[in-house]
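Student: Read off the chains here:
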Amino acid sequence: MIVAATINTTAVVVFAVILAITLGITYWASKRASSTAQFYAAGRGITGSQNGLAISGDYLSAASFLGIAGLIYLYGFDGFLYSIGFLVAFLTVMFLLAERMRNAGKYTIADVLAFRLRERPARVAAAIGTLNVAAFYLIAQMVGAGVLIEKLVGINFTLSVLITGTFMLCYVVFGGMVATTWVQIVKAVLLMVGIVVMSIFVLNKVGFNPIELFNRAEAAGKAEDSTFSLGPGTFLKNPIDTVSLGLALVLGTAGLPHILMRFFTVPNAKAARSSVVTAMFIIGFFYLLTTVIGFGARAILGQKGVEAAGKGGNLAAPNLAENLGGGAGTTGGDLFLAVIAGIAFATILAVVAGLVLSASSAVAHDVWSSIIRKGQNSDHEEVVAAKVAALSIGAIAMAIAILGGEGLNISFMVGLAFAIAASANFPALLLALTWPRFNTVGAVTGVLTGVISALGLIIISPIVWGGAPGAPDTGAFTWYDLNNPGLISIPLGFLGCFLGTVLSTERETERSFHELYVRSETGLGAERAVAR
Amino acid sequence: MAEPLAPTGESHAARTDDAPHREIDWEAIEASAEFQELVRTRRSFVVPATIFFLTWYMGFIVLTAYAEDFMSERVYEGLTVGYCLALSQFVMVLVLGIMYLRRADRVYDPLAAKAIERWTYLDTDEARAGQAEERRFVTARSEVPSR
Chain A
1 MIVAATINTT AVVVFAVILA ITLGITYWAS KRASSTAQFY AAGRGITGSQ NGLAISGDYL
61 SAASFLGIAG LIYLYGFDGF LYSIGFLVAF LTVMFLLAER MRNAGKYTIA DVLAFRLRER
121 PARVAAAIGT LNVAAFYLIA QMVGAGVLIE KLVGINFTLS VLITGTFMLC YVVFGGMVAT
181 TWVQIVKAVL LMVGIVVMSI FVLNKVGFNP IELFNRAEAA GKAEDSTFSL GPGTFLKNPI
241 DTVSLGLALV LGTAGLPHIL MRFFTVPNAK AARSSVVTAM FIIGFFYLLT TVIGFGARAI
301 LGQKGVEAAG KGGNLAAPNL AENLGGGAGT TGGDLFLAVI AGIAFATILA VVAGLVLSAS
361 SAVAHDVWSS IIRKGQNSDH EEVVAAKVAA LSIGAIAMAI AILGGEGLNI SFMVGLAFAI
421 AASANFPALL LALTWPRFNT VGAVTGVLTG VISALGLIII SPIVWGGAPG APDTGAFTWY
481 DLNNPGLISI PLGFLGCFLG TVLSTERETE RSFHELYVRS ETGLGAERAV AR
Chain B
1001 MAEPLAPTGE SHAARTDDAP HREIDWEAIE ASAEFQELVR TRRSFVVPAT IFFLTWYMGF
1061 IVLTAYAEDF MSERVYEGLT VGYCLALSQF VMVLVLGIMY LRRADRVYDP LAAKAIERWT
1121 YLDTDEARAG QAEERRFVTA RSEVPSR
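Protein chains in written order, with the numbering used here: chain A, 1 to 532; chain B, 1001 to 1147.
Hints should not be assumed to be uniformly reliable.
[Unchecked claim] Across the chosen pairs, the derived CB separations fall in these ranges:
id, chain 1, residue 1, chain 2, residue 2, range
1, A, Ala-16, B, Leu-1079, 17 to 27 Å
2, B, Leu-1063, A, Gln-303, 22 to 32 Å
3, B, Val-1107, A, Val-17, 43 to 53 Å
4, A, Ala-223, B, Leu-1094, 48 to 58 Å
5, A, Leu-159, B, Val-1091, 43 to 53 Å
[Said to hold, decoys possible] For the chain A half of the interface with chain B, some residues (derived, Cβ under 7 Å), not all of them:
id, residue
6, Phe-174
7, Phe-214
8, Gly-233
9, Phe-235
10, Gly-246
11, Gly-284
12, Asp-334
13, Leu-335
14, Arg-437
15, Glu-515
16, Gly-525
Honestly, the hints are just simulated from the structure, not real lab data.
All C-beta atoms, glycine included, are put in the ideal place defined by N, C-alpha and C.
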């Protein structure tokens, strides 16, 4: 069924170089991944600026790089809306969670909840939230990896997923957070260099005048059948759905376990907040340049390039690189395409490694050590459990990606991950840190309401049924037309937390609030960096 | 509040091993003027800033959703109102980020240090090590020899 494309030798060489660098990092890190503090949190010895780079590497997925550039190429303004949401979300993270997480937590989101709530239910709830988000995000990234590598390098989908999964597991199992962090840093640097060089090439064509780029993109966007527009409404056609998406984007990041986990790797709250600001600069600059790439692709490739850009325009950026390098078949074109493909590959690897690490920490630290073994196991046993968990999670994600194949809708799963993060994890975390009355029942009801409502609403959404609301052959509901559940599920998540709390009689958690509150605001008693 | 909250005998290993909470009077710190000042000062920036950025951002989203024509209007050649507002979000993120960073370093950190000044001696590595030793000793005595 899968037609074997010709293998792009230059791309294979670039991939090999990237894999060699990351395996070198893993070998170096493997000597330092023996304790839980090293395995989950890199001994809390990552500096603020290193962590800022690592957050960028953890956050900027292939969906950001190829997906947004592709959407801007196809639809113009509406694609850029994702860039804005993904960036502004970091203000939510900084103002509400970053420092508090660092001061109050140890390795996982659950640590913050378990600090003041009844431990076992709190950890189960947090683990459900974490695993749901990580699972959907991970499968989406794996499928994305398979599709892209298949197209860019010419090896088939199954093999692409297997390669990605195997290397991801290598970093996590042998190198833990230390290797994952440095893979993310290397990826962030590669990605920034790649997008800056591409942008310079594009801007060079318009005399470094951005307005001229806008004009040329617009002119090219006037072609027949073009969906490109400098104004909104070409991709996001349902206004209320746009608002719902915007809300899930700005609050979702603050509930992503692999991003929050990064704050446990720095020595103190000061480094946590400076890392957010560093990440804001890098991520902001990156998203600004997505416009240059998207508009550049529109101006240079034009409407003729739409078919070659594939579904969602994901291949617009690599195709643009090929064109900028001199065109298909030229040495420069092949090389530029291979480098951008390699960067996209590194991008995926760094994100999936972070996701697997956060999921395995939830399984090993929260479920295995705290719930099953009740804290009686050794530190070493927990590290082993985390590695086993990582292997299992990785294997399951690879299996689902391969079985589901290219038919799995990537943007729908990423949207779902953000919706669950914003509706389940974010309300419970925020309220645990700020609301004295909040209790265990509230946390459990809130997380469950958030997860179930986000999942349920996605299942009945038009995107799943493959048509417009009420379309006769698809079975989509006529009365529900939101593809993004955030507008309903986020308030439901908060409502679940609130009602669960006020309707239950549990009051002991108000006493434990004092310690968590003082600790999260001042850092007194916070986890220390491991002395080397 | 060192005691486990629920009388269920659940493990609180994650807390008791690491947090020096037995000797520290958390409620006294919370009630202290210094802590209250820290919280008040921080909130006086974070709350308005959060309201502002959410309003500016969601305002942009709502305009994108419901005011297509306005957002598509030209400011200068190919530059639309929508793109200008989108770019203003970048400026907002960087300005608020840097403002918060500077305030935190100059104002909040010193205030936090003052609020916990009297207690930090209980939170040194030595104090923590001492506590851990003491606990291990107690555990060893109270347990039946296990090997």
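Student: Could you run down the list of hints and mark each one as holding or not?
Tutor: Okay, the hints, checked on the actual structure:
A:Ala-16 and B:Leu-1079 have their C-beta atoms about 43 Å apart, which leaves the hinted 17 to 27 Å range violated. Against the hinted window of 22 to 32 Å, the Cβ-Cβ separation of B:Leu-1063 and A:Gln-303 comes to about 28 Å, which satisfies the hint. Checked against the hint of 43 to 53 Å, the C-beta distance between B:Val-1107 and A:Val-17 comes to roughly 47 Å, which is consistent with it. Between A:Ala-223 and B:Leu-1094, the C-beta spacing of about 36 Å breaks the proposed range 48 to 58 Å.
Our hint of 43 to 53 Å for A:Leu-159 and B:Val-1091 holds, since their Cβ atoms are close to 45 Å apart. With 7 Å as the threshold, the beta carbon of A:Phe-174 stays out of range of chain B, its nearest partner Cβ sitting at about 26 Å, so the hint is violated. Residue-level restraint check for A:Phe-214 holds (minimum Cβ-Cβ distance to chain B is 3 Å; threshold 7 Å). Below 7 Å, beta-carbon pairs count as interface contacts, and A:Gly-233 has one with chain B at about 4 Å; its hint therefore holds.
With 7 Å as the threshold, the beta carbon of A:Phe-235 stays out of range of chain B, its nearest partner Cβ sitting at about 11 Å, so the hint is violated. At about 3 Å, the closest approach between the beta carbon of A:Gly-246 and any beta carbon in chain B falls short of 7 Å, and the interface hint on this residue holds. Interface restraint check: A:Gly-284 against chain B, minimum CB-CB distance 5 Å, threshold 7 Å, status holds. At about 32 Å, the closest approach between the beta carbon of A:Asp-334 and any beta carbon in chain B exceeds 7 Å, and the interface hint on this residue is violated.
With a least beta-carbon distance of about 32 Å to chain B, the hint placing A:Leu-335 at the interface is violated under the 7 Å criterion. Annotation: interface hint on A:Arg-437 violated; nearest CB of chain B at approximately 15 Å, more than 7 Å. Below 7 Å, beta-carbon pairs count as interface contacts, and A:Glu-515 has one with chain B at about 4 Å; its hint therefore holds. A hinted interface residue such as A:Gly-525 counts as satisfied when its beta carbon comes closer than 7 Å to some beta carbon of chain B; here the least separation is about 5 Å, so the hint holds.
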